[in-house]
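Trainee: Here is what each chain is made of, one letter per residue.
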Amino acid sequence: METSNYTVLFTNLIIWAGIFLFLFRLDKKIKDLEKMK
Amino acid sequence: MTSMVRKALQFGLFLLLAGVIWFSFSTPAPQQQIGQASRIFYYHIPMAWLTVVAYAVSLIFSIKFLRTKRELDDYRALWAAEIGTMFCVLATISGSLFAKVTWGVYWNWSEPRMLSIFLLLLIYGAYLALRAAIPNPERRGILGAVYSIFAFPTVPFFIFVMPRIMPSLHPTNSVVNQNLKFTMGLEVRLIFFVSLFCFTVIFFWIYFLGVKLHRLKLEHAES
Amino acid sequence: MSSKSSGWVNKATAVLVKDIRTELRTRYSLNALFMFAFTTLVVVSFSLRQAALKVDILAALYWIIIFFASMSALAGVFIKEEDTKTAQTLKLYAKPSVIYTGKLVYNIILLLLLCLLVTPLFVILMDVSVPDPLPFVVVILLGAIGLAGATTLIGAIVAKANVRGALFAVLSFPILLPLLVAAIGGTNAVLSGDGWIGAENDIKLLIAYAVIMIAISVVLFDFVWNG
Chain S
221 METSNYTVLF
231 TNLIIWAGIF
241 LFLFRLDKKI
251 KDLEKMK
Chain C
34 MTSMVRKALQ
44 FGLFLLLAGV
54 IWFSFSTPAP
64 QQQIGQASRI
74 FYYHIPMAWL
84 TVVAYAVSLI
94 FSIKFLRTKR
104 ELDDYRALWA
114 AEIGTMFCVL
124 ATISGSLFAK
134 VTWGVYWNWS
144 EPRMLSIFLL
154 LLIYGAYLAL
164 RAAIPNPERR
174 GILGAVYSIF
184 AFPTVPFFIF
194 VMPRIMPSLH
204 PTNSVVNQNL
214 KFTMGLEVRL
224 IFFVSLFCFT
234 VIFFWIYFLG
244 VKLHRLKLEH
254 AES
Chain X
25 MSSKSSGWVN
35 KATAVLVKDI
45 RTELRTRYSL
55 NALFMFAFTT
65 LVVVSFSLRQ
75 AALKVDILAA
85 LYWIIIFFAS
95 MSALAGVFIK
105 EEDTKTAQTL
115 KLYAKPSVIY
125 TGKLVYNIIL
135 LLLLCLLVTP
145 LFVILMDVSV
155 PDPLPFVVVI
165 LLGAIGLAGA
175 TTLIGAIVAK
185 ANVRGALFAV
195 LSFPILLPLL
205 VAAIGGTNAV
215 LSGDGWIGAE
225 NDIKLLIAYA
235 VIMIAISVVL
245 FDFVWNG
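Sequence lines, in order, name chains S, C and X.
Here the first sequence is numbered in our numbering, starting from 221 and rising by one per residue.
Here the second sequence is numbered in our numbering, starting from 34 and rising by one per residue.
Here the third sequence is numbered in our numbering, starting from 25 and rising by one per residue.
Each hint should be verified, as a subset may be incorrect.
What the hints assert, rightly or not - Computed, partial: chain C to chain S, Cβ under 10 Å:
hint, residue
1, Val38
2, Arg39
3, Gln43
4, Leu50
5, Ala51
6, Gln69
7, Arg72
8, Tyr76
9, Ile235
10, Trp238
11, Ile239
12, Leu246
13, His253
Hints in this document: simulated from the structure, not taken from any laboratory.
The beta carbon of each residue, even a glycine, is placed where N, CA and C say it ideally should be.
Work out the full structure, taking the sequences as your base and the hints as a guide.
Mentor: Below you can see the structure in the form of C-alpha cells.
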C-alpha cells in the first residue's frame, strides 16, 4: 500500500474516531436526561 | 436496551467503520482504469444514498405533519432535512473531486448524476431558505412541508427520465455507468455494503438523537 | 343550472375575471413581464449580433428569457392579495381548489401572452429560421403551461413569506429544472428541423410535467391557502 494511502487512511480513522466519541458522549448525555425525567 | 448493550453496539459500529476505512485503502482499487481515485466509491455513493434516504424521511414527516400539526413531526421533517443537506453537500463535493481526478473537470452538467445531486442540493437549500423566511412556526412547518412534497416529483424525473432525454451530443462519461455496473468482486462488494450499512446506521443514530433531544426540550418546556 | 359543477366553473371564472380586470387597471405585472423579457431580448440580440448562433444556443436563450421574465412577475398573483388584504375575503368566496384554478388560468394566460409577444420578436431579432412552425408553437405552449402550473403554487407559498422576490426564484428553480430541460430540448429539436419526431420525448415530458405539477398543486394548495 502506498504511503499516501496510509496518510488518508489514518486521517480518516482519526476524524471518525473523533466523530464517534462526540456521538457517544451526546448519546450518553441524552440517555441520562431521559432517565432523569 | 441496557446501556451496556448500547455502548457495545456503538463501539461495534465504530469497529465496522474502522474496518471499512482500513480495507477501503489496503485492498486493490475497485476500478482499475481510474486507479486510486475509485476508492471514493466506498464513501461517495453511501453519502449520495443517504441524502435520498434523508429526503424520504423528511418527506414522510412533512406529510404526517400536514395531518397531525404536531410540532414534533415538523421537527422530524426539518432535522432529517438538515442531516440530508449535510450529506448532500458532502456527496456533491466528493463527487466533484472524483470528477476532477477522473475526467479532469470539477463539474459537468451533461452527467446526469451530477445534475441529480445538484438538484437535491437546490431543493434542500430552497427548503431551508423558505423556512428561514417565515416567522410564524406553524406556517413555517406547513409551507415547508408543502414545498418538500411539491419538490419531490422532480427527483424521480431526474433520476429516471433525464438520462434518456439528455442531449446525447455530449456522451455521458460512461465510466460512471461502468462504475455502478462493474463486476464487483466479492471483496469490493463486501466493503461497499458494509460501508453503506455503517453510514445508514450513523444517519439514523444522529437522526434519533436529535429527535430525542428535541422531545426532551419540549417536555421540559411544558413542565 | 345550480348543479355543483357549473357553480365551480363560474366561481373560478369569476376569480379569473377579477384578476384580469385588476391587472388591466394597473398593468403592473404585465408591464414587469413584458419589459423584462423585451429588455433581456434586446440585450441578448445586440450583444450577440456578430455571433453566428447555433440552434441549441438559441433554444437555451429563448427559455432563459422566458424564465427570468416569469421570475420577475408570476408570483404577483398571490402577493397582490396579501398586500391589498383581499385574501381574507377571497377565502370566504370559494373552495381553495376553485381559487387555485382561477389563479392558475390567469398565470397561464399571462405567460401565453408573454410568449405571443416575445416569440415573433425573438425570431426576428435573433434571425431564427423556423422549419416547421407547428411543433415549435406546441413546444412553447406546453412549456408555458408547465411553467405556470409549477409556479402558481410556489407563488402562493411565497406570498406568505418575507423576502419574496429572491425566494420565489430560489424555490422555483429546482422544480422547474425538468421543465427547462424538456422545453429547451424540444425547442432545440424543432428548430433543428427534426420536427415532431425529434421533439417527441420532450413533448411527452412537458405534458407529463404539466399534468403532474398541476394535479399536486390542486391538492397542496388547500394547505397553503388555509394553513
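Trainee: Which numbered conditions among the earlier hints are violated in the structure presented, ordered from lowest to highest?
Mentor: As far as the earlier hints go, only 1 is violated by this structure.
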